[in-house]
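2 protein chains.
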Amino acid sequence: MIKSIATLISNLNKTNIISQAKYTTSVLPQFSSEKYAVKRKKFGVLKSADVEYFKSVLSEDRVLTDESDVLPFNIDWIKNCRGQSKIVLKPKTTDEVSQILSYCNKNRLAVCPQGGNTGLVGGSVPVFDEIVINLVHMNKIISLDDISGALVCEAGCILENLDNYVRDHNLIMPLDLGAKGSCHIGGNISTNAGGLRLLRYGNLHGSVLGIEAVKADGTVVDCLRTLKKDNTGYHLKHLFIGSEGTLGVVTKVAIHCPALPKAVSLGFFGVENFENLLKLYKSAKSSLGEILSAFEMADNKSISLTVENCKLSNPIGDYPFYVLIETHGSDETHDNEKLNRFLSQEMESGLILDGTVTSEPAKIKNIWHIRESIAGAGMINGYVFKYDVSLPLRNYYDLVLTLRTRVGDRARVYGYGHVGDGNIHINVSASKYSKELYAILEPFIYEEVAKVGGSISAEHGVGFRKPQFIHYSKDKTALQLMRDLKQSMDPNGILNPYKVLPDLPDIEKD
Amino acid sequence: MIKSIATLISNLNKTNIISQAKYTTSVLPQFSSEKYAVKRKKFGVLKSADVEYFKSVLSEDRVLTDESDVLPFNIDWIKNCRGQSKIVLKPKTTDEVSQILSYCNKNRLAVCPQGGNTGLVGGSVPVFDEIVINLVHMNKIISLDDISGALVCEAGCILENLDNYVRDHNLIMPLDLGAKGSCHIGGNISTNAGGLRLLRYGNLHGSVLGIEAVKADGTVVDCLRTLKKDNTGYHLKHLFIGSEGTLGVVTKVAIHCPALPKAVSLGFFGVENFENLLKLYKSAKSSLGEILSAFEMADNKSISLTVENCKLSNPIGDYPFYVLIETHGSDETHDNEKLNRFLSQEMESGLILDGTVTSEPAKIKNIWHIRESIAGAGMINGYVFKYDVSLPLRNYYDLVLTLRTRVGDRARVYGYGHVGDGNIHINVSASKYSKELYAILEPFIYEEVAKVGGSISAEHGVGFRKPQFIHYSKDKTALQLMRDLKQSMDPNGILNPYKVLPDLPDIEKD
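The listed protein sequences correspond, in order, to chains H and Z.
Residues in the first sequence are numbered consecutively from 145, following my numbering.
Residues in the second sequence are numbered consecutively from 145, following my numbering.
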């Protein structure tokens with residue numbers, strides 16, 4: 145039994161991030177409620193009549209109740225959180241989502257909306273017995289206007305599938321991230337996913353044109369417009385971008401896709417120290433200007449652990465820091481001229497110690513694969529504590545060094561991320577989860593981030609894991625306004641409970 | 145008396161759009177409440193004790209009650225709307241705004257937040273006796289991080305002043321519009337202003353980093369972060385972007401400023417017909433790619449009326465359509481190569497009949513000045529009915545032709561706008577306001593826009609003039625959610641009443 149369950153989890157976890165990783169997990173994670181000592185709120189408990197109702201709305205095969213069928217939907221992919229849901233619903237239409245929510249709201253049944261389940265803060269799995277509403281079957285592309293770039297699709301579409309589809313029409317998706325092979329566009333929007341191209345194409349608040357979402361009471365809110373400019377009243381779509389399924393379930397999406405770049409180049413460089421890395425960033429911004437589409441960094445430990453665990457090969461030598469620079473442009477000759485000028489200038493200045501520049505798609509893919517594999521690579525050693533913070537650039541790497549001293553030989557601490565957005569991912573990789581290490585890391589990390597005015601969650605969100613720490617980055621008045629919105633839009637609190645919003649005592653203790 | 149009042153209005157109206165216009169207005173506009181038959185809602189009436197309180201919070205010189213002092217703040221710059229406020233308050237600090245609102249909320253006194261008063265839908269002037277809160281004295285720049293590009297300032301800063309300031313630090317403001325010499329950044333954000341560079345630098349939902357706003361009850365909501373990525377809870381700042389002062393008064397702003405382009409070029413071209421203009425747009429997107437920063441159009445009537453009324457000179461001959469293309473890039477040689485290649489290709493193809501290309505700042509300024517003067521030029525003939533709509537590109541110019549037939553010789557109908565955003569401004573210029581013409585135009589225009597799925601307000605907002613038409617572009621469920629938010633955040637409805645939200649019967653008749 146354990147073996148088949150492990151296989152199920154492993155299948156669920158086959159995102160392209162970790163597709164090369166060999167899973168040997170045979171032990172299930174502890175229940176989140178026990179691990180983090182959470183009390184169940186007073187929601188209704190699922191009865192057989194409820195199951196019958198759901199079967200009447202959906203076809204029987206889209207209502208999962210068998211324990212082994214439900215299990216993978218209860219566990220997040222970093223195996224940190226585990227819920228106890230008894231049922232997974234897989235609606236195919238907005239109307240089905242509406243009927244489910246209307247029923248749950250009337251019967252005070254809590255729900256957990258779920259996309260590709262690639263979230264990193266436990267937001268996409270239940271905590272107790274919340275009903276999982278998984279949008280995997282809402283995966284239709286509705287329309288694409290290849291002149292304006294407006295794509296309309298259902299929330300359960302996988303990001304990579306969308307990207308492949310729009311590429312055939314000379315467009316690209318405005319976002320890209322390691323989990324693209326599994327994550328859903330609805331989940332991307334619900335978590336305001338950032339990713340690898342934000343530097344160039346901006347954030348989702350800028351590129352989402354319209355949203356259809358279902359409120360807790362089943363009301364379908366139709367803001368699914370495809371216009372670039374529409375100033376008729378409140379900009380409601382933003383309520384659903386980044387609210388992690390606590391204000392509504394996103395069912396359809398209209399998003400602006402930029403033009404497919406005619407020329408793409410990539411540079412992978414070795415750098416002596418972080419000070420030089422920052423200088424290189426400033427120089428790249430100036431020299432590459434409008435064609436700079438990514439400026440990513442990784443420290444030596446990130447790369448060495450990744451190439452070792454994922455059996456990859458590092459195309460350049462061993463350096464203290466690595467920088468990945470990508471350009472998207474409309475003229476290959478101009479772009480190469482800019483990139484080569486930058487490269488020779490910074491090789492001469494010494495900011496770049498060594499590196500490789502390529503325009504070959506296969507080589508580009510290989511180098512991106514190393515960068516994208518960092519997120520999953522540490523998990524092969526056992527357990528990874530994952531942090532995702534925004535910091536002022538002058539403080540960007542300090543926290544990694546501070547943590548190495550603090551953690552000692554208990555774990556490996558490494559940092560990588562999106563320099564252009566001030567966003568660093570700090571991973572602490574250990575052989576297994578331990579409460580001692582947890583207590584060493586948290587809330588220390590959040591305190592350090594707050595000291596320099598950073599954000600304790602740059603792009604991963606708050607989810608289940610961070611509500612008690614949100615006050616480090618969110619003002620009391622803002623928290624109260626969040627609470628007012630939740631009260632107004634989901635008065636029974638059935639949508640993704642135990643997530644995002646802290647319980648009142650946590651606010652008061654701030 | 146009339147003369148001095150006219151001078152006051154004229155002074156207030158001296159935006160750079162119409163600075164060359166000679167005003168001879170000596171008749172005041174009709175009261176909005178009479179012109180549009182609006183009933184006053186049950187708010188408190190200003191008493192002398194209230195005035196005394198405001199004087200105790202602000203210094204006496206920042207409380208205007210003299211009729212002639214107050215008058216300019218009651219009239220919008222297109223002289224369409226006129227309120228009857230008895231008092232203008234000019235706070236200097238967020239705390240003062242908070243005290244004012246807290247007092248007004250307790251005493252059910254309605255308020256009208258006001259920036260540079262350059263709005264085009266009557267949103268920035270009172271309808272009845274709302275207390276005007278003008279933010280002109282909140283004009284301090286707080287900080288600028290010239291590496292990240294984060295500018296923090298008070299809401300009353302004038303857009304052009306900010307642009308000049310950040311240019312000294314090799315940055316530009318992400319938005320630009322004709323009223324830049326008068327409009328406030330707080331007003332830009334409250335109306336989600338679009339403008340001339342949106343094609344390149346995106347909308348304000350993408351570029352605003354943080355906001356401080358004061359709610360109706362005086363609560364200061366502090367979301368004034370400067371981080372590019374911050375996913376800690378609901379993205380509250382978006383509630384204040386584009387809600388036109390009905391959910392809160394924006395007091396401080398953090399905004400991301402892009403790098404000052406090293407090379408700027410501009411082309412001004414004559415085009416045979418709209419079909420060719422659209423082809424030219426597609427070609428420009430492909431040839432100029434990432435350096436295209438504006439693609440503006442104007443029809444023959446727009447340009448001929450503007451050069452005549454504003455005594456400007458058209459640098460090229462007489463053509464059915466004009467196109468203004470601007471590039472922002474980091475390498476002058478590359479940019480000119482792209483632009484010249486595009487120009488010679490499209491001269492040869494015949495899409496461009498004639499034109500001029502320049503990189504000289506003075507010439508660039510002159511050509512932009514023609515484009516920016518169109519908005520105010522028609523007013524010199526008397527009165528302009530102004531429409532600002534988003535339309536699918538294939539329908540972009542049809543409405544101008546339809547209206548010309550419908551209006552006949554009663555007025556001049558012309559169209560100009562931001563092709564890249566699907567946003568056209570349609571002006572109907574007459575010798576004076578007439579109810580007959582009004583009835584010919586509205587709701588006909590909105591019906592036509594709704595037929596093709598456009599927006600009845602692309603960038604100007606809803607304000608006082610369009611709530612009764614909002615249902616042409618906004619779904620019932622979205623309107624209900626707007627109402628719920630208003631109820632939650634401003635239960636007494638004191639913030640900018642009679643604006644944005646339609647009265648209930650208007651929803652029901654939809």
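Since the hints were made in silico from the structure, they are not lab data.
Please note that the accuracy of each hint is not assured.
Said to hold, decoys possible - Between beta-carbon pairs, the in silico distance windows are:
| hint | chain 1 | residue 1 | chain 2 | residue 2 | range |
| --- | --- | --- | --- | --- | --- |
| 1 | H | Q624 | Z | K186 | 25 to 31 Å |
| 2 | H | K250 | Z | A594 | 33 to 39 Å |
| 3 | H | E504 | Z | S430 | 44 to 50 Å |
| 4 | H | N484 | Z | P587 | 34 to 40 Å |
| 5 | Z | V596 | H | L404 | 41 to 47 Å |
| 6 | H | K250 | Z | R550 | 47 to 53 Å |
As the list claims (entries may be wrong) - For lysine-lysine, the following PhoX-like pairs were computed, each having C-alpha atoms within a straight-line distance of at most 20 Å:
| hint | chain 1 | residue 1 | chain 2 | residue 2 |
| --- | --- | --- | --- | --- |
| 7 | Z | K284 | Z | K406 |
| 8 | Z | K445 | Z | K576 |
| 9 | H | K199 | H | K250 |
| 10 | H | K186 | H | K236 |
| 11 | H | K406 | Z | K429 |
| 12 | H | K230 | H | K191 |
| 13 | Z | K406 | H | K426 |
| 14 | Z | K426 | H | K406 |
| 15 | Z | K199 | Z | K223 |
| 16 | H | K429 | Z | K620 |
| 17 | H | K630 | Z | K507 |
| 18 | Z | K620 | Z | K595 |
| 19 | H | K185 | H | K630 |
| 20 | Z | K230 | Z | K183 |
| 21 | H | K630 | H | K223 |
Ideal Cβ positions, reconstructed from N, Cα and C, are used throughout, including at glycine.
Hint-by-hint comparison with the structure:
Distance hint check for H:Q624 and Z:K186: the Cβ-Cβ separation is about 28 Å, which falls inside the suggested range of 25 to 31 Å. The supplied range of 33 to 39 Å is met by H:K250 and Z:A594, whose beta-carbon atoms lie about 35 Å from each other. Between H:E504 and Z:S430 the CB atoms are about 24 Å apart, so this pair departs from the stated range of 44 to 50 Å. One distance hint, 34 to 40 Å for the beta-carbon pair H:N484 and Z:P587, is violated here, with the actual separation near 59 Å.
A C-beta distance of roughly 27 Å is found between Z:V596 and H:L404, which places it outside the suggested range of 41 to 47 Å. Hint check: H:K250 to Z:R550, Cβ distance near 51 Å, so the stated range 47 to 53 Å holds. This hinted pair does not check out: Z:K284 and Z:K406 have alpha carbons roughly 28 Å apart, beyond 20 Å. In summary, the hint linking Z:K445 to Z:K576 is supported, as the alpha carbons are separated by about 19 Å, within the 20 Å threshold.
Pair hint H:K199 plus H:K250 holds up; C-alpha atoms about 17 Å apart against a cutoff of 20 Å. The straight-line distance between the Cα atoms of H:K186 and H:K236 is roughly 29 Å, outside the 20 Å bound, and the hint therefore fails. At most 20 Å may separate the alpha-carbon atoms for a hinted pair to count; H:K406 and Z:K429 meet this at roughly 12 Å. Distance restraint check for H:K230 and H:K191: the Cα-Cα separation of roughly 10 Å lies within the 20 Å cut-off, and the hinted pair is therefore satisfied.
With a C-alpha separation of about 15 Å, the suggested pair Z:K406 and H:K426 falls inside the 20 Å cut-off, and the hint holds. As the CA atoms of Z:K426 and H:K406 are separated by approximately 15 Å, the hinted pair is consistent with the 20 Å bound. The suggested pairing of Z:K199 with Z:K223 is violated, with an alpha-carbon distance near 30 Å, which exceeds 20 Å. Proposed proximity of H:K429 and Z:K620 is contradicted: the alpha carbons are some 45 Å apart, above 20 Å.
As the CA atoms of H:K630 and Z:K507 are separated by approximately 53 Å, the hinted pair breaks the 20 Å bound. Annotation: proposed proximity of Z:K620 to Z:K595 holds, straight-line Cα distance about 17 Å (limit 20 Å). Between H:K185 and H:K630, the direct Cα distance comes to roughly 16 Å. Compliance with the 20 Å bound is thereby established for this hinted pair. Straight-line distance between C-alpha atoms of Z:K230 and Z:K183 comes to about 18 Å, which keeps the hinted pair within the 20 Å bound.
Proximity of H:K630 to H:K223 is assessed by CA-CA distance (about 29 Å); at most 20 Å being required, the pair is judged violated.
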